[in-house]
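Asker: Spelled out from the first residue to the last, the chains are:
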Amino acid sequence: EPEVTQTPSHQVTQMGQEVILRCVPISNHLYFYWYRQILGQKVEFLVSFYNNEISEKSEIFDDQFSVERPDGSNFTLKIRSTKLEDSAMYFCASSGRGYGYTFGSGTRLTVV
Amino acid sequence: AQSVTQPDIHITVSEGASLELRCNYSYGATPYLFWYVQSPGQGLQLLLKYFSGDTLVQGIKGFEAEFKRSQSSFNLRKPSVHWSDAAEYFCAVGEDSVQAGTALIFGKGTTLSVSS
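Those protein sequences? They're chains V and L, same order as listed. Each residue of the first sequence is one higher than the one before, counting from 1 in the working numbering. Each residue of the second sequence is one higher than the one before, counting from 1001 in the working numbering.
Same shape as in the complex, but just chain L (with noise of 0.2 angstroms):
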């Protein structure tokens, strides 16, 4: 069955640092991989997805992400975090699938502070 593992609850980063959130996943096939993130009360904003191709993927907001097949990881990154980056963030896998319509499943989270 189709997993995904965020290792880290919270992370507090200091603002101009870098950032790292941890993703792995456990899929059979080819994953389609996405991270979200959510603002306190807010909905889901797409961050980036990899479908195929390039596995280096840039999203908004400066993140990016990185697919490592061999380590079945999505590790979502940015090279220096504002204080508006403090949020909820979510990695999730589909399926490979030709139709769409197929669920998402979501890791548990990772919440991002950001200390001044």
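Just chain V, with the same shape it has in the complex (with noise of 0.2 angstroms):
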């Protein structure tokens, strides 16, 4: 069966520095997203891609966090400049046509 695949699955890093979480969505999949798990919380809707470009982002995606789909088969979020309130569990998914949603297993983000 088709797997949404994350790298890496645990990163460290210190506060104020800049992240890069990967994501290989299905391959046939169109619309691509990042949620977000903090620590005993419900998962969060982060942003939704499509066409090369956001279609649908929550308050909690501000100008510190940025979403690039940068050949055909990679899709990143990165975190500009971390801050320890952004340590989480990440999720990345991908959907095609029919509405179903596969995530990945996560990145756990810790900073310290």
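One or more of the hints may lead you astray.
Claimed, not checked - As a list, the in silico DSS-like pairs of lysine-lysine whose alpha-carbon atoms are at most 30 angstroms apart: (1) Lys57/V with Lys83/V; (2) Lys1108/L with Lys1061/L; (3) Lys42/V with Lys78/V; (4) Lys1049/L with Lys42/V; (5) Lys78/V with Lys1108/L; (6) Lys42/V with Lys1061/L; (7) Lys1049/L with Lys1108/L; (8) Lys1068/L with Lys78/V; (9) Lys57/V with Lys78/V; (10) Lys1108/L with Lys1068/L; (11) Lys57/V with Lys42/V; (12) Lys1061/L with Lys57/V; (13) Lys83/V with Lys1049/L; (14) Lys1068/L with Lys1049/L; (15) Lys1068/L with Lys83/V; (16) Lys83/V with Lys42/V; (17) Lys1049/L with Lys1061/L; (18) Lys57/V with Lys1108/L.
What the hints assert, rightly or not - Away from chain V, derived, C-beta distances all over 12 angstroms, residues of chain L: (19) Lys1061; (20) Asp1085; (21) Glu1088; (22) Ala1092; (23) Val1114.
These are computed hints drawn from the structure, not numbers from a lab. A virtual CB, placed ideally from N, CA and C, is assigned to each residue, including glycine.
Build the complex from these two chains, which are given one at a time in their own frames, with help from the hints.
Answerer: Shown next, in the form of structure tokens:
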């Protein structure tokens, strides 16, 4: 069964540093997403991406965040200057027509 | 605004007993409804989804869920729980939209513990 692949599985970074989280969506999917789950809390939507542009974003997705599809297979989330409160599990997801969502296994980001 | 409520934060069930996890949603149009399971340190695995049609939906691992529009509910059930079912369960709702790409709204989750 096709999978959404996320790397790395765990990343530790110092406060103020930039991080890039990487995702390889399912190859024939058209819509790509990032979600965040702070420890012990619910999964929250960050952003969706379609046709090389952001289609929807939440209030969490402020100017420190950006997304990019640098080539035909990768989808990245960049956090420009990390804060302690950015520590969370970040999930990438993709979907195709028919509205099926597939999530990756997540990247646990720890900001110290 | 859309919202999802999972009233039970933590449920403990004996192995072999039946299970029902509650989910209520608030949404004006026809919702797309999902149940996901998350084992510790793992990602989100789709158990089942409801888009339209038969209101009783079968999923993986022996789970089923019933959509009840009159009660705005989408409760998850399993007739006999196994120890491996211990995990966090999330209900989610999405827009009834022709175009995908819209956000899923998640509930806060229910932690299931299974006792022997």
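Asker: If a hint holds in the structure, say so; if it doesn't, say that too.
Answerer: Here is how each hint holds up against the structure:
1. Lys57/V with Lys83/V: holds (20 angstroms)
2. Lys1108/L with Lys1061/L: holds (22 angstroms)
3. Lys42/V with Lys78/V: Roughly 21 angstroms separates the two Cα atoms, so the pair holds.
4. Lys1049/L with Lys42/V: holds (19 angstroms)
5. Lys78/V with Lys1108/L: Holds, because 26 angstroms separates the two Cα atoms, which is no more than 30 angstroms.
6. Lys42/V with Lys1061/L: Holds, at roughly 23 angstroms.
7. Lys1049/L with Lys1108/L: holds (18 angstroms)
8. Lys1068/L with Lys78/V: Not OK: Lys1068/L and Lys78/V at ~40 angstroms, beyond 30 angstroms, violated.
9. Lys57/V with Lys78/V: holds (14 angstroms)
10. Lys1108/L with Lys1068/L: Holds, because 20 angstroms separates the two Cα atoms, which is no more than 30 angstroms.
11. Lys57/V with Lys42/V: holds (17 angstroms)
12. Lys1061/L with Lys57/V: Between Lys1061/L and Lys57/V the Cα gap is close to 33 angstroms, so the pair fails against 30 angstroms, i.e. violated.
13. Lys83/V with Lys1049/L: With a Cα-Cα distance of about 35 angstroms, the restraint between Lys83/V and Lys1049/L is violated, given a limit of 30 angstroms.
14. Lys1068/L with Lys1049/L: holds (14 angstroms)
15. Lys1068/L with Lys83/V: At roughly 42 angstroms apart (the allowed maximum being 30 angstroms), Lys83/V and Lys1068/L break the hint.
16. Lys83/V with Lys42/V: At roughly 20 angstroms apart (the allowed maximum being 30 angstroms), Lys42/V and Lys83/V satisfy the hint.
17. Lys1049/L with Lys1061/L: holds (14 angstroms)
18. Lys57/V with Lys1108/L: Since the Cα atoms of Lys57/V and Lys1108/L sit roughly 20 angstroms apart, the hinted pair holds (cutoff 30 angstroms).
19. Lys1061: holds (14 angstroms)
20. Asp1085: holds (19 angstroms)
21. Glu1088: Nearest chain V Cβ is 10 angstroms from Glu1088/L, so the label is violated.
22. Ala1092: Answer for Ala1092/L: violated, closest chain V Cβ roughly 8 angstroms.
23. Val1114: Holds, since 20 angstroms exceeds 12 angstroms.
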